[in-house]
Amino acid sequence: MKILVCISNVPDTTTKIKLAEGKASIDSSGIQWVINPWDELSLTRALELKDDIATGIKSVTVAHVGSAGSEPTIRKALAIGADDAIRINSDPSDAYSVAAQIAEVIKKEGFDIVLCGIESSDFNGSAVGGMISEFLGIPSVSSVSELSIVNGLPVVGREIDGGRESIKVPVPFVAIVQKGIAKEPRIASMRGIMTARTKPIRLYEPVATEKLTEVAGLEKPLPRAACKFVDAENPSLLIELLQNEAKVI
Amino acid sequence: MSVLVFTENWEGKFKKLSCELVSYASSVAEIMKTNVIALSIGRAEDEELKKLGHYGAHKIINITSNQLTVLDNQAYTKIISEIALQEGSDVIIFSNNITGKALAPRLSVRLRAGIGSGITRLPLSLDPFTVYKRAYSGNAFAHVIIKSEIKILTLAQNSFDLIEKPTGAVPETVEITVDASLIKTTVIETLKQTGKIVLTDADVVVSGGRGMKSPDNWAPLVELASLLKGATACSRPVSDEGWRPHEEHTGQTGKIIAPNLYIAVGISGATQHLAGVSSSKYIVAINTDKDAPIFEAAQYGIVGDAMKVLPKLVDSVKNLKK
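These protein sequence lines map, in sequence, to chains Z and U. Numbered per the working numbering, the first sequence spans residues 251 to 499. Numbered per the working numbering, the second sequence spans residues 26 to 347.
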């Protein structure tokens, strides 16, 4: 079986977001770009499955929609252990068009399990994974926090309100992955970094598709009022404030 | 024209979340001068369905089928798209919860409808259709134009107040048969905690971080949460250490929550943590370090040792209840 992990390129999660002049985008100066955290966990789980011969997973490929500028992030995924990569040379600003691009490549290359992070930490859209599955007309399971191969067939754990379900799903399918899928993201080894340089990145030019959304502007959240401190010796005052001032208890 | 709102039911019951969604849909419909249709899949009693009419649904459709006992994304998407087409819906609203995230993107492709996800306000304008959404994990908000004819919105939880607007709508329950070949997923096991408040539903959340020092110190925190009828949560290091289950992890990569009250105990307030809780209406911070970033996000703070402060808070809440 072949696994495809879709990765997006996002600002490091500790970045203090500043807006660029005109407020239509963020100020990208000094930003460190990383693999979207959920995608990194998906990649880690895919590699763990491949490491176990019994799963029958033969290869792990990563796919990314973006410009050549995001190749360092793709190389990072290769250094962590992906066998090869696909880059679709298109602007990733709209989930529908990104999903359409990836779905086209999946049709051409054929993958059994497609993993997508449940959201990207930039636009928090939670859309691409589900869209890919619908473009392909294949099953999807969302909020996946476990993935294993049992007797050659995938079994996924899906979070539900207040619990979890184990689900059998036939391949090909899309798993939309959240926290829990892997304990910690795998880190690239020295050898991984060396071999990543020569691993292939296949370049696809975009197919014709349309963008259904467009970001018109960004704004920063309003600053919160200053914190009101209560003496640690008299915390009952806090309860009083929460009851009478904030009225939340 | 109509606004369709997908109101999930949990074993036949609606939550506050469902009523929030209908209130939001009803306000959108008012701006658009059209009607609200609430759609629920899975058997619910008429009395329960009528609640949706109380918040402004003009039409309430309940689709039932004994083949649809658990969520199958493909089957559900097909049903919702058929109803949307039948009702001529141009705006379709989901919650940005587990189910909404599973279904909205599929429906988007089926109906060629752009999605605005994690919406926190009413549309900023109808032409162009512009929505206001959470971006950069709460570090920014984006104005997004949806250009397609049909628009799908997923509403961030606890971001819209309940508005009562009784319509007296009479629910219509329709029993259907689903093409069995469409249902491709099979649930083989369900693990569910009963009687516990679901973290994302809770109005009050009490959360512990590394400042709690040991997994053995959680009793007063759990007690405080239960006295306030709230849920417990934790920071990432705590769940990574296995002190608390990872379902409790709130933060950028964990749960994103927006309770009325979030009490952060022994949590320093790293950017990634705040990303998960910054939409809370009130944040209280209890921390030994007066310079901890959590105090910048909090409205109320206590500089002090959690182990000393928590028991006192528990006592004051108990006194309050007397």
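Since the hints were derived computationally from the structure, they do not count as laboratory data. Be aware that a few hints might be false.
Stated by the list, open to error - PhoX-like mimics (lysine-lysine), calculated; alpha carbons at most 20 angstroms apart, straight line:
1) U:Lys-306 <-> Z:Lys-470
2) Z:Lys-418 <-> U:Lys-75
3) U:Lys-190 <-> U:Lys-254
4) Z:Lys-300 <-> Z:Lys-433
5) Z:Lys-308 <-> Z:Lys-358
6) Z:Lys-497 <-> U:Lys-347
7) U:Lys-209 <-> Z:Lys-497
8) U:Lys-217 <-> U:Lys-38
9) U:Lys-84 <-> U:Lys-190
10) U:Lys-41 <-> U:Lys-76
11) Z:Lys-418 <-> U:Lys-347
12) U:Lys-76 <-> U:Lys-209
13) Z:Lys-461 <-> U:Lys-84
14) U:Lys-40 <-> U:Lys-221
15) U:Lys-84 <-> U:Lys-58
16) Z:Lys-478 <-> U:Lys-306
17) U:Lys-254 <-> U:Lys-172
18) Z:Lys-478 <-> U:Lys-315
19) Z:Lys-497 <-> U:Lys-84
20) Z:Lys-497 <-> U:Lys-75
21) U:Lys-40 <-> U:Lys-190
22) Z:Lys-308 <-> Z:Lys-461
23) U:Lys-58 <-> U:Lys-190
24) Z:Lys-497 <-> U:Lys-343
25) U:Lys-254 <-> U:Lys-337
26) U:Lys-40 <-> U:Lys-209
27) Z:Lys-497 <-> U:Lys-217
28) Z:Lys-470 <-> Z:Lys-273
29) Z:Lys-273 <-> Z:Lys-433
30) U:Lys-209 <-> U:Lys-254
31) Z:Lys-478 <-> U:Lys-343
Unchecked claim - Residues of chain U placed beyond 12 angstroms of chain Z at every Cβ, according to the derived structure:
32) Glu-72
33) His-79
34) Thr-89
35) Arg-137
36) Thr-192
37) Val-195
38) Ile-288
All C-beta atoms in this analysis are idealised placements derived from N, C-alpha and C, irrespective of residue type, glycine included.
Let me make sure I understand: some of the numbered hints might not hold for this structure. Which ones are they, in numerical order? As far as the earlier hints go, 2, 3, 7, 11, 12, 13, 17, 19, 20, 22, 26, 27, 29, 30, 31, 35, 38 are violated by this structure, in ascending order.
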